[in-house]
Structures are given as C-alpha cells and as structure tokens.
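Protein chains in written order, with my numbering: chain A, 121 to 459; chain B, 4 to 546.
Any given hint might turn out to be false.
[Claimed, not checked] From the derived model, a few chain B residues whose C-beta atoms are all more than 12 Å from chain A:
#1 L320
#2 T418
#3 A459
#4 G500
[Claimed, not checked] Reference excerpt, derived from the structure (chain A facing chain B, CB under 8 Å, subset only):
#5 W128
#6 R131
#7 A148
#8 E180
#9 W189
#10 L305
#11 S307
#12 V411
#13 E414
No lab work stands behind these hints, which were simulated from the structure alone.
Given the structure is predicted, the values throughout are model-derived calculations rather than measurements.
Glycine is no exception: its CB is placed at the ideal position from the N, C-alpha and C atoms.
The residues making up each chain are set out below.
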Amino acid sequence: MFQNLPLWPERASSFANNVDALYIFLIAVTGFFTLVIFVMIGVFAVKYRQRAGGRATQIEGSYALEATWTLIPFGLFMVMFVWGAAVFMKEVQPPANAMDVFVVGKQWMWKTQHPEGVREINQLHVPVGRDVKLTMISQDVIHSFYIPAFRVKHDVLPGRYTSIWFHAVKTGTYHLFCAEYCGTLHSGMIGEVIVMDPSDYAKWLSGGAAEDSMASTGEKLFQQLGCATCHRSDTQGRGPNLAGVYGKQQLLDNGQTVFVDDNYVRESILNPGSKVVSGFKPIMPTFNGIVSEEQLLSLIAYVKSLGVPQNAPGSNRPAVQQGVTAPNTASKAGNAKVQ
Amino acid sequence: MATAAALPTERQNYLNSNYGWKSWLLTTDHKRIAILYLISITFMFFIGGFFATMIRLELLTPAGDLMTSDTYNKMFSMHGIVMVFFFLIPSIPATLGNFFIPMMIGAKDLAFPRLNLLSWYIYIVSAGLMIYVILTGGVDTGWTFYPPFSTTYSNSNVVLAGIAVFINGFSSILTGLNFIVTTHRMRAPGLTWNRLPLFVWSHYATSVIQVLGTPVVAITVALVAIERLWHVGIFDPKVGGDPVLFQHLFWFYSHPAVYIMILPSMAVMSEVVTCFSRKRIFGYHFVALASIAIAVLGFLVWAHHLFVAGISAYAALVFSLLSYFVAVPSAIKVFNWTATMYKGQISYATPMLYAFGFIGLFTMGGMTGLFLASLGIDVHVTDTYFVIAHFHFIMVGGAVMAYLSGIHFWWPKMTGKMYPEGWGKVAAGLVFIGFNLTFLPQFVLGYMGMPRRYHAYSGEFQVLNVLSTAGASILAIGYLLPLVYLLWSLRYGKDAGPNPWNAIGLEWMTSSPPPTHNFDETPVVTWEAYEYDHAPQEVPVGN
Numbered sequence: 121m122f123q124n125l126p127l128w129p130e131r132a133s134s135f136a137n138n139v140d141a142l143y144i145f146l147i148a149v150t151g152f153f154t155l156v157i158f159v160m161i162g163v164f165a166v167k168y169r170q171r172a173g174g175r176a177t178q179i180e181g182s183y184a185l186e187a188t189w190t191l192i193p194f195g196l197f198m199v200m201f202v203w204g205a206a207v208f209m210k211e212v213q214p215p216a217n218a219m220d221v222f223v224v225g226k227q228w229m230w231k232t233q234h235p236e237g238v239r240e241i242n243q244l245h246v247p248v249g250r251d252v253k254l255t256m257i258s259q260d261v262i263h264s265f266y267i268p269a270f271r272v273k274h275d276v277l278p279g280r281y282t283s284i285w286f287h288a289v290k291t292g293t294y295h296l297f298c299a300e301y302c303g304t305l306h307s308g309m310i311g312e313v314i315v316m317d318p319s320d321y322a323k324w325l326s327g328g329a330a331e332d333s334m335a336s337t338g339e340k341l342f343q344q345l346g347c348a349t350c351h352r353s354d355t356q357g358r359g360p361n362l363a364g365v366y367g368k369q370q371l372l373d374n375g376q377t378v379f380v381d382d383n384y385v386r387e388s389i390l391n392p393g394s395k396v397v398s399g400f401k402p403i404m405p406t407f408n409g410i411v412s413e414e415q416l417l418s419l420i421a422y423v424k425s426l427g428v429p430q431n432a433p434g435s436n437r438p439a440v441q442q443g444v445t446a447p448n449t450a451s452k453a454g455n456a457k458v459q
Numbered sequence: 004m005a006t007a008a009a010l011p012t013e014r015q016n017y018l019n020s021n022y023g024w025k026s027w028l029l030t031t032d033h034k035r036i037a038i039l040y041l042i043s044i045t046f047m048f049f050i051g052g053f054f055a056t057m058i059r060l061e062l063l064t065p066a067g068d069l070m071t072s073d074t075y076n077k078m079f080s081m082h083g084i085v086m087v088f089f090f091l092i093p094s095i096p097a098t099l100g101n102f103f104i105p106m107m108i109g110a111k112d113l114a115f116p117r118l119n120l121l122s123w124y125i126y127i128v129s130a131g132l133m134i135y136v137i138l139t140g141g142v143d144t145g146w147t148f149y150p151p152f153s154t155t156y157s158n159s160n161v162v163l164a165g166i167a168v169f170i171n172g173f174s175s176i177l178t179g180l181n182f183i184v185t186t187h188r189m190r191a192p193g194l195t196w197n198r199l200p201l202f203v204w205s206h207y208a209t210s211v212i213q214v215l216g217t218p219v220v221a222i223t224v225a226l227v228a229i230e231r232l233w234h235v236g237i238f239d240p241k242v243g244g245d246p247v248l249f250q251h252l253f254w255f256y257s258h259p260a261v262y263i264m265i266l267p268s269m270a271v272m273s274e275v276v277t278c279f280s281r282k283r284i285f286g287y288h289f290v291a292l293a294s295i296a297i298a299v300l301g302f303l304v305w306a307h308h309l310f311v312a313g314i315s316a317y318a319a320l321v322f323s324l325l326s327y328f329v330a331v332p333s334a335i336k337v338f339n340w341t342a343t344m345y346k347g348q349i350s351y352a353t354p355m356l357y358a359f360g361f362i363g364l365f366t367m368g369g370m371t372g373l374f375l376a377s378l379g380i381d382v383h384v385t386d387t388y389f390v391i392a393h394f395h396f397i398m399v400g401g402a403v404m405a406y407l408s409g410i411h412f413w414w415p416k417m418t419g420k421m422y423p424e425g426w427g428k429v430a431a432g433l434v435f436i437g438f439n440l441t442f443l444p445q446f447v448l449g450y451m452g453m454p455r456r457y458h459a460y461s462g463e464f465q466v467l468n469v470l471s472t473a474g475a476s477i478l479a480i481g482y483l484l485p486l487v488y489l490l491w492s493l494r495y496g497k498d499a500g501p502n503p504w505n506a507i508g509l510e511w512m513t514s515s516p517p518p519t520h521n522f523d524e525t526p527v528v529t530w531e532a533y534e535y536d537h538a539p540q541e542v543p544v545g546n
C-alpha cells in the first residue's frame, strides 16, 4: 500500500530497528491520547452545544482529575525518556574494535579516507556486518553527517573531532546528506554510502590506485615537517617520545593530566603551548595553517600506530579511561589492509 | 472625518477623541499603541508570508529551478527572522496584550505609557532596518545565525540583520517590563491574583521570559557582529572560538522564546473557551500555575537543540529528561480547556472555531515534541522536516490560530464593529484544512530523511512536497480573507455594542470602542474570573 509513499527509510543499520520501534511506540501512545482529546472535543462540542433555555453546569475543577492527567502523562514521558536514552547510549559508544574511517567536510563536499589510504569524494564504501567508526572534522563551517537509512547523524565541527559509528546490515546504496545548513550549496553537499559484501569491499579497497596507508603517510609527514628532530624515539629529544602515548593519561607541566586522544594530538600540533607535557619546555612552533585537516588525520594515525607495540594484546598495562569518545586501542592503522 | 461630523453625538472613544497623524504617532494610549502594533506586525506577517510562498513554490519540484541556491537560502532565512522576531514574538502581547491587560485589570493604561510608545518606535526602527536589509540583498544565515558560517563565511548582510534583531529585543524587553509592573501595581480594587483573568497570568509568565531571556540573545547576536567585524575569536575555531558556545547562548533565549510565542496563545484560549462554553475555567489554579511552570522550566531545556551538535552524552540525557518535564504543564492546560467544555453551552462563533483548531493542532505539535525530546528519535529527525513540521504546528497551528481567534474575539471591542461571521467561519475552515495539508506531510518527509533548508531534493520526496505546497496555497487564501473582511467591517460592519458575546471580564463592561480612559469609574472587583453562572447562558451572535 505504501510502496510509493513509504513512511520510513530503509532499515540498513543495526540502529534502524531500535529507532523505528521507539518511533512506532511513540506514534501509538501519542496517537491514542491525541485521539482521546479530539473525540472529547468533538463529543462535547456536539453534545453540549448551545440550546435555547439550556444552562451550563459550572464545575470548579477536580484534584483527582488534575492528578490523573498530570501523573499518567508524566509516567509515560518517563518511559519515553528511558527508552530513548537507551537507544541513544548505544549510538554514542563505538565498540572498541570498530574499523576506522575518517571524514573531512568542507563547503560543499564530503571527503572520506580509509586507514589503508583510499580516498573518496561524496562517497563512502563500507563492508556489511562490521562496526564502522567515523572520525569527522570540518575545514570551514559546521556540517552534519546524516545517513537516514542508518538513522545516524552528527554535526561535523571545525576545530575538533566528533564521531559516530554504525553497523550496516544490508548491502546497497544509501543517501548521505549534510543536515546542518552550511551555505550556498548546502543541498548539494550530498553523496552516497555504498554497503558491500566484505569480499567485495576488500576487492574495492585494493582495486584503487596504490596509496600509502594513512599511518605511513603520517610517518613521511613526520619526517618532512621535522617533527622527528625533537620527538625522537629515545628519551633524549627536546619533545616527548610519542611511542605508546596514544590512549593514555599524560601528566602536564601544570600538574593536570590530559587523555591523549585524536583531539589532544590535533591540539598539540596546532596550538602546542596550550597543554605542555610535564618535564618539557613550551618550545614547539605551531603548525596552524601549515598542515591540512587530511594531513593532521594522517599524523594522528601515525602517532596512534606508534602506540601499537606497547599496547598489544598481552600487555599488562591497565586501560586508562573509558570516555564517550573512547580510545581506539586496537588501531588497525599500523597494519593496513586488514582484509 | 465625515462620520464624526455626521454623528456629533457619537460617544467619545479612543478612536474619535482626536484626529490627525500626530495624535497617533505621539499617543500614549495603550489602545492606540496596540493598533499601531497591529498594523505593523500585520505588514511584517505578509512579508514573511511572501518568503514562505517562494519557499513552497521552489519545493514543488526536486530540482532547484525557480531561483538560485543563494536566493533560496535568503528566502528561508528572512522568512524565519521576520516571522519569529517581527511577527510571532510581538504578535499577541503587543496587540491584544497591550490593548486588554489594562482593561482586564480595570486600569486606565499600562504603568509606563511613554515606555510603551517607545517600545513601538524601537520596533519600527528595527523593522525598518530589517526591511532595508531585505531590499539591499538580504541575509542567508538562517534565522539561527550559526557561526562560523555567519561570522566568517556568509557574504550577506549579517551585521545589519543582527543589529535589527538586537534593537528589536529592546522593544520586547520594554513590553515585558511594562506588563510585569502593570500587573503588580495597577490592578483594580478587589482584583486579587486569584481573581485575575488567566489572560493576565499567562502574559505575566511571558513577560518574565521576555525580560530575563531577551538580553541573552541580544548579546549573542552582538558577539556575532563583533567577531564578523573585528575577527575577535569568540565562535570561530580558526580564531580561537567555540561554535557550540554560540548554540548554547542562542538557544538559552530561543527556546524560552518559543514560550514567549505560545504562552500568550494559551492566554487567549482561556478567555475564548470559557466564553463560548459559558463555563468557569476548569482548574483555574492549575492553568495559572502551569503558565508559571512553563516559564521556569522553559529556561532549563535549551540544549535539546544540541543533541547531535557535539555536547556530551550525559548533558544530552539531562536535557532530554528536563524536556519531558516541560511537556507536563502544557498537557495540563490542554486537559483543562477540554474539561472546561464539559457540560457547557457551546456555540461555534469564529473565535471558538479557531480555538477548536488551536487545541487540536497544539496537541499534535506538543505530542510530536515528545518525539524530539526522545534522544533515540531526535538523532534521526533533528535538522529534518520533522522539526519544521513540529514547530510550525506549535507556532502556526498554535500561536497564529490563537492570534486569529483573539483578533476575532476582541475585534468588536477594539473597533466597535462586527466582522462578517460567515466569512469568518470560511476563513477558519480554510486555515485549518490548509495548515494540515501543508504540515502533516512534512512529518513523513522528515522521518524519511529529507533535511531542512534544502534548495533541491531527491526525487522520492516530491509527492509529499507537492501536497505541502498545495496546502500552503489554501493556507494563503485563509490568511488573506480576514485581512479583506476585517478591513471591510471597519466601514460596513454592524455595530457591535459593548458586549456582543455576553462575555465576562472587565473589558466588556465598557463601551465599544472603549473610551480613552477605558472606564468612566474605576471598577471594584468582587467576583472571580469566568463566573459565567451569572451571565446569560447564550451567546447571541455568531451561530
């Protein structure tokens, strides 16, 4: 019946059923109460219409009724809140072993990059049946990465990373929209998400022009930009040795600690003086305006890859902190072409 | 004035007490200022309506073929700015509130009559500036002015538009301040808080929000202008700012501003539903306190606009919970109005038809707000047409329906003339049908995933968009009709007499139009509001 007029987009991710179930529950509850109010108004309007010689019956009010229509809606609202919160909390906590994809938004284009190095424009290829975590940033204004068929959306901010994750359950091609107004061609900042069988995805990943993985691109940049002169792989450098720092708490020179994640590495490159590691002098120059967002992502991938040996399974270092943007301890950046 | 010369014995009233443009532009009579506001906001409403028309015409087809993307972006931006700041926020308070709060409390005027005139002049300056912005190329930031687009990237006239909004805020603050002081200080002897019409209670709650909230948005748009002009790093991360900070500041005002728009509509409802049901309001104290609860809780929910904007998940949980709290007092009001009709003597004059429409549409607007407060659903539907549909149900289905209800209800008092009832009913029907056809399809569009502010869209969304545009054309006729017949009634309408609805309330106990000082003698109030048991049980006109 609704073939030409569907009421919801395809359910192509593991979230879609949860969201739609809640949606249908809300339609049922609110539909019922809306109907009750409409019927009451309709019945009253007809039954108690003005009649010659009739008198209205004055009623001051009723505490029992006030309590009823305060407490019943309130109770139902709390069910909606808890259910909605439960659906949401799943969406904001990416599983630890999710595969990474990086997204850079700009007026008016989506640039995506896989850790293996493959870049795409206004397209995103992902394998079906895997957890995928997107780390996103904007080069200019606020954008919003929205895949209706996955029921996921998050703003893409300039200046800091935000992330979402999803688990596609159905192969196919789906809309990708920018959902935050971003200027002239906002409605043209669209693309497609292509969900493929894992084998097709592996084929696709290796089929493009041979590119370095993001981590090895980052390593080259690390050399070219001269980072390695101070951030040496021993303890003699003027800057801290970066091996193994990613995903850990770091003591700062002001006595505070900071959690080393994507945002902290990015900030340290662009604004090195703001959070200086304990025991070092604030002598690092800023790379603001020198490195692009894509290069920053590669540098972060490299720093992350340095963490792998010390953080490999079997290491008895305790996990440091579980945050909303949880660290991606099992990064694949260092061992590209996982498929 | 020929009529005045022909009828030298006509009772002196606020309209015929003196003539000439000076007597209007320098008036301190709250009733004349209300009329000045009425004319000004009606003008702005049709400007905003023109932009809405252009939006709906463009969206008839998936391709962006009627105008350029930049033009389209300006259309929805200016539609929002004009409708929110220059129509909805002043709408009921500055016209009906201005006219009737002093009359309902038995006062000669507001507490600060000259401040009242000043607020209108401030409004005119800001509206004039906004019209200048529109005529010299417009603004394309959306009504929300989100940086860093507004501060760094937009090529349109953001600063002047921001200044217009900034100035406009003072008009709103002064009106609110005036109402608060008036309600405290000017009530007639015997008119205790427990006897106050709910119209006054609701406006009091509105005024508190206006006074406390508006300065925040004024400062926020000023910061946008400062960053844009002098590159001071406030919001744009390129210069050291934080764009999410703007969204907190903006919505700290702009969410309560929704209640600035809807509380006065609730004010009108309580008067109209009681009058046309011949009933006391059901649960007076609950309705009154619900207004205050909405005003207070309304300040605690702003970040539900930011669930996917980059706030922490725990903040999102708290704001989702608080958003459900604020839904409770609104639900209480709807149930009380409905219960007020029980065992009444209900008649179907135009104001009551709009009231039926209001309760239905406001209920649906409120119910869909529950979807948006739910984190799990909001992630999917925020920034889509679902949100557009939801807030148009509240602000057009709610606020504009109530405004039209109130205008028809008090038109006889304001002008001394009856509007043509048949045309009134036709227009009310057209507005209701047109509104639903315009905005119901947008809920489906939103859940399907069509983002808001899209100039061109994917083909599968076309059917629903065509329905929506068809509805909008019916709605447009529904809005133009009252403009025509209300103006017509000024000359040809039947004389209304002091109280055509047999209504209760001090404003009906004086002649129509009221004399300049409202009452020949200061009334002494010994009764509660809405004692319809002591009124005739029939509304003689309108059926």
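Hint check results:
1. Against the 12 Å criterion, L320/B falls within the reach of chain A, whose nearest CB is about 6 Å from its own CB.
2. The Cβ of T418/B lies farther than 12 Å from every Cβ of chain A, with a closest approach of about 25 Å, so its non-interface assignment holds.
3. At the 12 Å boundary, the C-beta of A459/B falls inside the reach of chain A, the nearest C-beta of that chain being 5 Å off.
4. Non-interface status of G500/B relative to chain A is upheld: no Cβ of that chain comes within 12 Å, the nearest being about 19 Å off.
5. The closest approach between the C-beta of W128/A and any C-beta of chain B is roughly 6 Å, which is under the 8 Å cut-off, so the hint is satisfied.
6. Look at R131/A: its Cβ only gets to about 11 Å from chain B, farther than 8 Å, so that hint breaks.
7. The closest approach between the C-beta of A148/A and any C-beta of chain B is roughly 11 Å, which is over the 8 Å cut-off, so the hint fails.
8. Annotation: E180/A was flagged as interfacial toward chain B, and the flag holds, the nearest CB pair being 6 Å apart, inside 8 Å.
9. For W189/A, the interface hint holds, since its Cβ comes within 8 Å of a Cβ in chain B; the closest pair sits about 4 Å apart.
10. Interface hint status for L305/A: upheld, as the beta-carbon distance to the closest one in chain B is roughly 6 Å, under 8 Å.
11. Proximity of S307/A to chain B holds as hinted, the smallest CB-CB distance being about 4 Å (cut-off 8 Å).
12. Hint status for V411/A: violated, given a least beta-carbon distance of 14 Å to chain B, over 8 Å.
13. Because the smallest distance between the Cβ of E414/A and any Cβ of chain B comes to about 17 Å, over 8 Å, the interface hint for this residue is violated.
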